[in-house]
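Protein sequences appear in the order of chains A and B.
Under my numbering, think of the first position of the first sequence as 1, with each following residue one higher.
Under my numbering, think of the first position of the second sequence as 1001, with each following residue one higher.
Source of the hints: derived by calculation from the structure; they are not laboratory data.
One or more of the hints may lead you astray.
If you anchor each label on the Cβ, the simulated ranges turn out as follows [as the list claims (entries may be wrong)]: (1) A:133 <-> B:1287: 39 to 45 angstroms; (2) A:157 <-> B:1172: 26 to 32 angstroms; (3) B:1512 <-> A:155: 22 to 28 angstroms; (4) B:1408 <-> A:177: 19 to 25 angstroms; (5) B:1202 <-> A:39: 33 to 39 angstroms; (6) A:82 <-> B:1150: 49 to 55 angstroms; (7) A:82 <-> B:1202: 42 to 48 angstroms; (8) B:1378 <-> A:82: 46 to 52 angstroms; (9) B:1170 <-> A:123: 49 to 55 angstroms; (10) A:39 <-> B:1466: 48 to 54 angstroms.
Not the full set, but computed from the structure, chain B residues with beta-carbon under 8 angstroms of chain A [said to hold, decoys possible]: (11) 1065; (12) 1218; (13) 1353; (14) 1354; (15) 1380; (16) 1405; (17) 1408; (18) 1409; (19) 1412; (20) 1416; (21) 1417.
Computed from the model, here is a short list of chain B residues facing chain A with C-beta under 8 angstroms [stated by the list, open to error]: (22) 1063; (23) 1227; (24) 1291.
Nothing here was measured: the structure is a model prediction, and the numbers come from that model.
No residue lacks a Cβ here, since even glycine has one placed at the ideal position from N, Cα and C.
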Amino acid sequence: MNRREALKHTALMFGVAASPATVTRALAEMAGDSSAPRYLTSSQYKVVAAMAERLLPASDTPGAMDAGVPQFIDVCYGLFTDAEGKNNLRTGLADLERIDYDHLSEAEQDDIIRSIASDNAKPGKSWLRQFRALAFNGYFTSEAAAKSGFIWDPVPGNGSNQTQCIPLAETGGVSFYE
Amino acid sequence: MNVSTKGTASHTYDAIVVGSGISGGWAAKELTEKGLNTLVLERGRDVKHGDYPTAMMEKWEFPGRNTISQESRERQAKQSRTGYTTREATAHWFVDDIDNPYSEDKAFDWCRGYHVGGRSLMWGRQSYRLGDLDFEANAKDGFGVDWPLRYAEIKPWYDHAERFAGISGQNEGLYQLPDGDFLPPFEMNCLEKHAKQRIEKKFGDRKLIHARVAHLSQAHLGRGGCHFRNRCSRGCPYGAYFSSNASTLPAAAATGRMTLRPFSIVTELIYDQETSRAKGVRILDAETGEAMEYYAKVVFLCASAIASTSILLNSKSDRFPTGLGNDSGELGHNLMDHHFKVGASGRYDGFEDMYYKGRRPTSTYIPRFRNLGDGLSDQKDYVRGFGYQGGASRTNWTRGVAELARFGADLKADMFAPGGWRMGYGSWGEHLPYHENRMYLNYDKTDKWGMPTVTFDCEFKENERNMRKDMQASAIEMLEAAGLKDVTGFDDPTSAPGLCIHEMGTARMGRDPKTSVLNGHNQVHAVPNVFVTDGSFMTSSSCVNPSLTYMAFTARAADHAVNELNRHNI
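So here's chain A without its partners, still in its complex pose (with noise of 0.2 angstroms):
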């Protein structure tokens, strides 16, 4: 599947509900009113959304938002993340409401990550690395990421054997992690 059908397909994923109940579920819910978080409260999750969007942003692949990661970082806060990673994650979050992060334009916005990648007070890039962390795991483990800029193959084959030293070229990418 090359990039530009791997997109068409993405595309429709969020219309069509052919596909396994697993899925159906998961699409409904990352579907569902991305204004409602389950865990952060609403104030936080527009900052998450905002910030994980221009740091992933939609490009030739889907950006944060199509490829559900608030929802992924909602869940991941509320159900996979200890106290002091809790603590930390809404502490940084609070820095960025106070300034109505989601409302400044997107160059504000860039300018914001900018200035806390190279803030050497230790804080603000610790956090930023919790954030980005959730933020990729959510965007490059999703089922937009697998099925748009990896190579989705769910079931390789036994002919891979074959196939350990091989051009990059005919490979066709990367294969989806697991």
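The hints should help you fit chain B onto chain A, whose structure is shown.
Positioned in the frame of chain A, the structure of chain B alone reads:
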């Protein structure tokens, strides 16, 4: 205790096998194929081959994208210590630590699953033979007691185990790592092939070889070949790696002579003073709580080193006041694991235009090259040795997380492309048998069945610590010889015994009943119709992964049991 003995005849079999993991599955297969009506008792739930709920799930179908939930961290706090076992895709294969507690005089990670198939579903699948370097080690350097047999006696049983299990690999003609009967190996990638050449050229005494693994590189005995999904520990619908569920238990069932009883917690062996034999076992039904007895001419304990030893320790009688077969006082002692979490990794500049397809479930291996008894490889600071597992791959999107100043569409596109090559090796080292390293039963702290719990008192010592320095330094020098850049070593000195999930030695074999629990055929010295064929029999740990050795010794013990039954010796 109110024990039900109703229907004695219907509770009587030729053989009882306790446990259904690697060893129990093999015992069931061999005993039933040799004509014995066999009852297999498993303390956990049933799992039929194919009954693997997460096997076909995509990563995005796990709410945390296959990470460890807070709930798992709380309920499976000890099982989570590996950092990988309790991820969403495999958490259901590991016990709940709150319902299944144990205690630690010293830190010990006891990671296990209570279900049909046991850890044969989640094991690492690396499969190597022990050789005479291992079988002679205790006698030569004086740690532990001598193994009661040598390689020539177990070799045919390794052949037998490999032929059925399906081990992929390649013969190398190495004394320290005996050859076997292998399916074709899994191919190395470009950097691994390159490193093999460079390392073998620079170090004449070292080999970088295909890992020997219980993954089918091609279809084998009705099981499918590997489909390169690399989702193995979830359970393989193709049966493409060896598990009891896909391999031995179906073979046992096909004889029509196996009765498999899940939810059966064996609490003790029943010892008959008059015949000096075990009559059978007592169990608790894990669903009803009912206590019951089952009888047989021969009993195979295959419940895992710690569980089988616990059953023996809890089987007290006038003849055996400290546990069945414990005349030597060694039961529960000489506990071993392997020590690991030490090695090195580095970056490789080159092969940018080369790659691989699919997700290979294996990697490469560097066999032991120290203390080979050749006078050339002897080390001053430690005895025994270590091997390496690892290999090369291209980095993925995770490389972008720490590049804090990079973001946007270009970064995203870059993360969809393969990153540079990296190569790394972790080392697995031998853990000596120390008498004082032990597990014992704690009758003051009982579980929900009223059964005593296990306490561990085990540690790594000077020999292991000294070995680790070499394990790291040798990894660094080999990777540098292979042309890797920015090679950095690692060593986690806090890694406790158990984490390797290779518990062994607590009912060791030996030549002398005064210093060992089992004889050379895995029989309890003083109760010869009780065989123990899981990790507890190991007289030394070697440095290789042990499961293949459990398979071979179990098959050999089953053969011996049937011969002895036919001769009316047991």
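Taking the hints in turn, this is what the structure says about them:
Range check, residue 133 of chain A to residue 1287 of chain B: about 43 angstroms between beta-carbon atoms, so the 39 to 45 angstroms window is met. Hint check: residue 157 of chain A to residue 1172 of chain B, Cβ distance near 28 angstroms, so the stated range 26 to 32 angstroms holds. For the pair residue 1512 of chain B and residue 155 of chain A, the beta carbons lie near 54 angstroms from each other, so the given range of 22 to 28 angstroms is not met. Between residue 1408 of chain B and residue 177 of chain A the CB atoms are about 22 angstroms apart, so this pair conforms to the stated range of 19 to 25 angstroms.
The beta-carbon spacing between residue 1202 of chain B and residue 39 of chain A, approximately 54 angstroms, falls outside the hinted interval of 33 to 39 angstroms. At roughly 51 angstroms, the beta-carbon separation of residue 82 of chain A and residue 1150 of chain B lies within the given 49 to 55 angstroms, and the hint holds. About 45 angstroms separates the C-beta atoms of residue 82 of chain A and residue 1202 of chain B, a value consistent with the hinted range of 42 to 48 angstroms. The supplied range of 46 to 52 angstroms is met by residue 1378 of chain B and residue 82 of chain A, whose beta-carbon atoms lie about 48 angstroms from each other.
Range check, residue 1170 of chain B to residue 123 of chain A: Cβ separation about 52 angstroms, and the 49 to 55 angstroms hint holds. Separated by about 49 angstroms at the C-beta atoms, residue 39 of chain A and residue 1466 of chain B satisfy the suggested range of 48 to 54 angstroms. The interface hint given for residue 1065 of chain B is met, as the beta carbon of that residue sits about 4 angstroms from the closest beta carbon of chain A, less than 8 angstroms. Checking residue 1218 of chain B against chain A: minimum C-beta separation of about 7 angstroms stays under 8 angstroms; hint holds.
Restraint check, residue 1353 of chain B versus chain A: the minimum CB separation of about 5 angstroms is within 8 angstroms; hint holds. Residue-level restraint check for residue 1354 of chain B holds (minimum Cβ-Cβ distance to chain A is 6 angstroms; threshold 8 angstroms). For the restraint placing residue 1380 of chain B at the interface with chain A, the shortest Cβ-Cβ distance is roughly 40 angstroms, beyond the 8 angstroms limit, so the hint is violated. For residue 1405 of chain B, the suggested interface contact is upheld, since its CB lies about 4 angstroms from the closest CB of chain A, less than 8 angstroms.
Taking 8 angstroms as the C-beta cut-off, the interface hint given for residue 1408 of chain B holds, the closest approach to chain A being about 6 angstroms. Annotation: interface hint on residue 1409 of chain B holds; nearest CB of chain A at approximately 4 angstroms, less than 8 angstroms. Against a cut-off of 8 angstroms between C-beta atoms, the interface hint on residue 1412 of chain B holds, since the closest Cβ of chain A lies about 5 angstroms away. Given the 8 angstroms rule on beta carbons, the hint for residue 1416 of chain B holds: about 3 angstroms separates it from the nearest Cβ of chain A.
The criterion of a C-beta within 8 angstroms of any C-beta in chain A is met by residue 1417 of chain B, whose closest approach is roughly 7 angstroms, and the hint holds. Interface restraint check for residue 1063 of chain B: the shortest CB-CB distance to chain A comes to about 5 angstroms, inside 8 angstroms, so the restraint holds. About 5 angstroms separates the beta-carbon of residue 1227 of chain B from the nearest beta-carbon of chain A, less than 8 angstroms, and the hint is met. Here the hint on residue 1291 of chain B is broken, as its CB sits about 40 angstroms from the closest CB of chain A, past 8 angstroms.
Checked against the numbered hints given earlier, the structure breaks hints 3, 5, 15 and 24 and satisfies all the rest.
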